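Both chains are given apart, each in its own frame, so use the hints to dock them into the complex.
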Amino acid sequence: MKEIKVTMIGPSSVGKTSLLAAIYDQYKPAINGTDLQITPEESTKASLKTRLEELKNLDNTDFLTTEWTRRTTEERTYTFELSKRGGNTFSKILFQDYPGEWLNSNSSSKQKMEDFLRESDAVIIAIDTPALMESKSDFDWHKKRNSVEEIYNVFETVYRNIISPKLIILAPVRCEAYYIKESQKYDTELLNRIKKGYEQLLNHLDSQSLIDKVAVVVTPVQTVGNVVFNSIEIDERKEPKIIFHKTGGKYQPIDSEQPLRYILRFVLSNSINSRWGMCNWLRKGLNLDKDLKEAVNKFTDSSMCKTNGGFAIIQGHSLLNIE
Amino acid sequence: MKIYFKTRGDSQKQGYSWKITEPPLMKERQITSLIDHDFFSIVLGRYNNNLYLLITGLESKKNKYGNSSIENSVLWESHNESEEKDLIHLAALGLQDHLKNQLESKIDDAIKLNPDKEDADGFAIDFNKIEPKIIIDKLSKVRNDESTESIISNDKPNSNYLAPDNLERKQKLASELKELASEDTEMPELLKENNRIFVVVTQNATESQFKQAKVWRGISNLIEAKLEITHDKELRKNVLGRFFTGIHRKDFRLVIVGLALILVVSAYPLYSSSLINYLSQKNKPSIALLVALMPSVEHVIIKPCTTQTSIPPSTQENVTSCMQAKINQPILLQGYSQQAEKVMYSLENQENELSPAQLSLETKIWQVNLNGFKTAGEYKIQVQEFNKEEQVISKKIILINVDVNK
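Line by line, the protein sequences give chains C and U.
The numbering of the first sequence is my numbering, which starts it at 2 and goes up by one.
The numbering of the second sequence is my numbering, which starts it at 56 and goes up by one.
Among the hints, erroneous ones may be present.
[Claimed, not checked] Keeping only pairs whose Cα atoms sit at most 30 Å apart, straight-line, the calculated DSBU-like set for lysine-lysine is:
no.	chain 1	residue 1	chain 2	residue 2
1	C	K291	C	K46
2	U	K117	C	K242
3	C	K251	C	K46
4	C	K50	U	K68
5	U	K266	U	K155
6	C	K247	U	K116
7	C	K50	U	K419
8	C	K57	U	K419
9	U	K450	C	K46
10	C	K6	C	K46
11	U	K57	C	K113
12	U	K155	C	K50
13	C	K137	C	K214
14	C	K29	C	K57
15	U	K188	U	K116
16	U	K116	C	K239
17	C	K111	C	K242
18	U	K82	C	K113
19	C	K186	C	K196
20	U	K74	C	K239
21	C	K50	U	K450
22	U	K161	U	K193
23	C	K50	U	K443
24	C	K46	U	K451
25	C	K145	U	K116
26	C	K251	U	K68
27	U	K116	C	K46
28	U	K451	C	K242
29	U	K117	U	K57
30	C	K57	U	K155
31	U	K188	U	K117
32	U	K82	C	K145
For the record, the hints were derived by calculation from the structure and aren't laboratory data.
Owing to the predicted nature of the structure, the values given are computational and were not obtained by experimental measurement.
Bound-form chain U, shown alone (with noise of 0.2 Å):
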């Protein structure tokens, strides 16, 4: 394991720098160029066949100079899967809001300020306080009051997403990396691809410049926030994740029967709807497993409807965000909002009979479950946003097309 660590000393002559010596991946500016590293962020990726976890931006509590904070960057790189699997887990534990404090002092503890009147930087490192086991060990004993484990990533591993920072996002990112970092877990293909950036959390990134580094899994507070739909709470269980990301070896029944079931829903597409519907009204787990792994009804993403043919002119303009339903399916309808103390929902021309979706103040994140529509046809939910004054600060019209052939 090497350990590159960078801050500076506490005299205005001493400015940033790289202890023992400036690692030769700041020199790669597809990466450096990627994060502002001035303010706190995380870069997972592979470089020269060597695993490396890049966390900048970590302030310091006991260096400071004048008004100005200091912030401390440091860099693990490892070709050892043991190790490798450590920083996967290190990174998850960075990604937590709540133990944030606690890694910036476990940084801290490794400075030692003005080591020798001669040393021009200013400052010495204690590499063997800052090896990952050893805060993997210390930031694990902190008391989680926001458990992380009720929420759980449903993203498709093999697929790269791109996400606004916020907390719900972050912790499912974590989940999803403690479960790779599982010694169970094999280290999935993907993390083994050499000169890949697999995750970025940062401030001010775009979603060009993620998609450009091919970022597997990418977090800004510049990414904008997309309605989600997905098919129902159930496909939250990390079933459908841990199928697809290197599968545990403990669960090899899960697998085979998870291939059966694919077997069954492709060679029966004519009693695919039906069947969906018989199994959605029963909730289990298995089900869900089901469900989700029909391509038909996994996780879809609604974009603002501009080419919608369907909608009548009239209306088009109101219509935000637009998706496929089949009969009687369950929806969950997600979006974030910055600044909305209250969502209420209604259906078409039912205005007056505005019910309050569920809101997390917290994540920003408000959502409403619906069962279904029992006929084919197209709906409107219309989604209003209200500030704390109680005044309406938006308006969205979701149109869903329900279809019993789509």
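Next up, chain C with everything else stripped away, as it sits in the complex (with noise of 0.2 Å):
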């Protein structure tokens, strides 16, 4: 069986953890009305149960704080099983959450992260939003914050001749300030400040060996819904320190289904298109089972991907294409 590899990279207590827990509890009502199965594995679903409920005990409680979740210590996997409603599994998903710390570390946690990277279909790329929108017009907050060279650099090292293509979702998180309720919009300025705060990497991306074989895409993500942006200090050692709110409201994130849509699509698509030979094994399962592929095209059209609204596709509109 051919699984589905996903990295999540970002800074150390960006929420990659919490992003999981979000689309775990989102994704039973995204799926909803189609045919498609996703089952998280026992333990899975044991992990991410747990750090929802951590999550959720802090509906009711009005702080100010620079974190409230436990970070990642140790590198783990999350893994869903895809089939059609009551029948076998197809494929798995596996979601490689890593600590933070790992991007910048020289040790052989980093040489970890960049192999599972290489075999990886997709990368999930967490971003500091207050980090990204609340720096200056040199993005030094961002810069530091959102390790943005590291991620350049491991990219550099990592997506070298590859030859099955890759997805890249770039997930703003801890948006919640930037979202505009009456709209359903983010703040158009929150994909602008992306396209310049990733210059150097999108423009890597962009390149003559990579444009075929790389999509780009931006979901935002409210991986909790109830804690926004509330200032940046400077600390003594001049380092920014984000001060969040975490208001009194339940926890209720928003659009975290949409990171897993786009993955889908990806897949599906590149099912359907058979680029390079890659996911022959699920075109096969797919075409042995119509209501399967329409299953998956449900839950993955461009009805249910959103691309408007802080939504982007930057690159690869054809290794998305379902038509």
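Spelled out as structure tokens, the structure:
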């Protein structure tokens, strides 16, 4: 059985595991009405449930803080099984979660992360949105907080002579303060700043050898819904300290299923178009079962994958085409 | 003794890192993927010929960042028998819930935050403070209100077991490990096996993960609680455990007696049934030993009996567990229920005569002692679990097939 591998990267305590917990919390309503079944493996379910409970336990509390969830101390795999409702598992999605520090480390830990990234079909880069949005024109806070240089270095090292297509999801998280409820859209500046703040990386991915093989999308995710950016203080080490307001509201993530929709859309698109011979395993499976293909299609078609109001496909439209 | 320590500094920039360096063990995915490192877990195993003890998720009391807790992890490694025993002893202490706070605090004592402004990690460790002997000495002085001595393991040392995470199971394992750590006990061959994981206590490991890793003793929330049956309370005495696990040098006579008894039982199988019946009426440890050594009456886990052909189809769907017993064989039924506040049981066709089962609200384990059945046949015990509101939350029917020949 082919596995769909997804690497989660981003700075420490940005909320990569919270993003996974939000995906776990929200995928069920998202697949409702489709014939697609997504089932977390037992240990994945238990582990994400524990984290979800921690986040939900903060409901009805109101405080200012810098961090409110425990940091990931060691790598961990979260596995979801894909099947047609009531049918056999035809594939698994493996989300590989890493401590943010591994981006900066020169040890074998970083090597492990790069090895997994090399094999991954997709990567989710979690972005600390306030650091990006509140930075001055030099993007200094953003560069430091979001480990921009380190992330660029990782891709420069890993994305060489790649054969199969890749999907990169830029996921601004902790973005509650930049969401305009009335229009249900994000501040237009968010997308501009992502393009500016990751200019070097995006230029690299846009290069001749990668443009046809790498799709890049932006999917903002409100991983908790009840914690908003408050202010930035400069601490005694002259480092920016981002203060959040944990409001009294309830845990209510928004758009957390979008990365999952894009991942499946990418996989489906590549199976339909059989690019570079990849995804034969899935194409074979889907051809054998048109209902299953229809189920994945329904979950991932263009009306389901958001493309405006802060969401965007930056490059690789053809790699995400399922028409 | 090599010691490794993982924690983080108190600024946002400073993430988790190992001091002095990352241990080679952490590159072994089979070991690291078994546990959730962010939460309290214990792993005892042997790697590269060293016995190691890894304890993770020890909450720091003095270090915190924002509203986020900080968890410390420690790894001890040794290839010296006396130090290895210390590690086994420390694992036993780490298993005891009432010592967890003290253990966390002792580990915390070793951390010095911001020792040097140039230090990028933001912490230093005084490794002398976390030498196993020092921690054992301190933890052993902690008054133990919940005696673990009364819960003694009767699990077969040479078989693996997996169990749900509950106080009784952890105390049993602690007892077993303490015994192995004793100066008078030889290190069992099993714990000398290289590249093997012996003990794992963690939140979210599954039965298949444990089995794949060939874990000797695995405790996790994800292990399904099964009904257990043991022969008699006397079996809880530690005699059997001592007999198999590293034989006590002082108890050599016991070994001789045990072997002699095995010979007696093997040589006279025809008499075994009546011999047990006779002996079990007495209530002496030596008798318990004999009974325990007989394969036909040892500790049994009863499972859902979906393939029992002897059960009439009309009742099959109601029967949750089944087992075999001999005439007059005393029986202890045990079960685990997370929600039950009261457990009652009755014999078949006597639903109006419900008797209360013993239930520990702390361990959530209930038990029913039965004297045994005088005649052969099929007996059904109905067990009902009640919640706080006195509503029945589950009904179990345990089918006991009593046969003089089985």
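Taking the hints in turn, this is what the structure says about them:
1. For the given pair, K291/C sits about 29 Å from K46/C by alpha-carbon distance, which is consistent with the 30 Å threshold.
2. The hinted pair formed by K117/U and K242/C meets the criterion: a straight-line CA distance of about 20 Å does not exceed 30 Å.
3. For the proposed pair K251/C and K46/C, the alpha carbon gap of about 21 Å is at most 30 Å, so the pair holds.
4. With a C-alpha separation of about 28 Å, the suggested pairing of K50/C with K68/U holds against the 30 Å cut-off.
5. Annotation: proposed proximity of K266/U to K155/U holds, straight-line Cα distance about 27 Å (limit 30 Å).
6. Between K247/C and K116/U the CA atoms are separated by roughly 23 Å; this keeps the pair inside 30 Å, and the hint holds.
7. A C-alpha spacing of about 22 Å is found between K50/C and K419/U, which places the hinted pair at or below 30 Å, so the restraint holds.
8. For a cut-off of 30 Å, the pair hint linking K57/C to K419/U stands: about 26 Å separates their Cα positions.
9. Between K450/U and K46/C the alpha-carbon distance is near 28 Å, which keeps this suggested pair within the 30 Å criterion.
10. Taking the CA atoms of K6/C and K46/C, the gap is near 18 Å; set against the 30 Å cutoff, the hint holds.
11. Distance check on the hinted pair: K57/U and K113/C sit about 24 Å apart at the alpha-carbon level, within 30 Å; holds.
12. With a CA separation close to 24 Å, the supplied pair K155/U and K50/C stays within the 30 Å bound.
13. Restraint check for K137/C and K214/C: not satisfied, since their Cα atoms lie roughly 33 Å apart, outside the 30 Å limit.
14. Restraint check for K29/C and K57/C: the C-alpha separation of about 18 Å stays at or below 30 Å, so the hint holds.
15. Taking the CA atoms of K188/U and K116/U, the gap is near 22 Å; set against the 30 Å cutoff, the hint holds.
16. Of the pairs offered as hints, the one joining K116/U and K239/C holds, with about 26 Å between alpha carbons and a cut-off of 30 Å not exceeded.
17. For the hint linking K111/C to K242/C, the alpha-carbon distance of about 26 Å falls within 30 Å, and the restraint holds.
18. Proximity of K82/U to K113/C is assessed by CA-CA distance (about 9 Å); at most 30 Å being required, the pair is judged to hold.
19. Annotation: proposed proximity of K186/C to K196/C holds, straight-line Cα distance about 18 Å (limit 30 Å).
20. Proximity of K74/U to K239/C is assessed by CA-CA distance (about 26 Å); at most 30 Å being required, the pair is judged to hold.
21. Taking the CA atoms of K50/C and K450/U, the gap is about 28 Å. The hint holds against a cut of 30 Å.
22. The straight-line distance between the Cα atoms of K161/U and K193/U is roughly 8 Å, inside the 30 Å bound, and the hint therefore holds.
23. This hinted pair checks out: K50/C and K443/U have alpha carbons roughly 26 Å apart, not beyond 30 Å.
24. Under the criterion of a C-alpha separation no larger than 30 Å, the hint pairing K46/C with K451/U is consistent with the structure, at around 28 Å.
25. At most 30 Å may separate the alpha-carbon atoms for a hinted pair to count; K145/C and K116/U meet this at roughly 29 Å.
26. Restraint check: the Cα-Cα separation between K251/C and K68/U comes to about 29 Å, which is no more than 30 Å; the hinted pair holds.
27. As the CA atoms of K116/U and K46/C are separated by approximately 29 Å, the hinted pair is consistent with the 30 Å bound.
28. A hinted pair counts as satisfied when its Cα atoms are at most 30 Å apart, and K451/U with K242/C does not qualify at roughly 57 Å.
29. Restraint check: the Cα-Cα separation between K117/U and K57/U comes to about 25 Å, which is no more than 30 Å; the hinted pair holds.
30. A C-alpha spacing of about 26 Å is found between K57/C and K155/U, which places the hinted pair at or below 30 Å, so the restraint holds.
31. For the hint linking K188/U to K117/U, the alpha-carbon distance of about 23 Å falls within 30 Å, and the restraint holds.
32. Among the hinted pairs, K82/U with K145/C is consistent with the structure: their alpha-carbon atoms are about 28 Å apart, no more than 30 Å.
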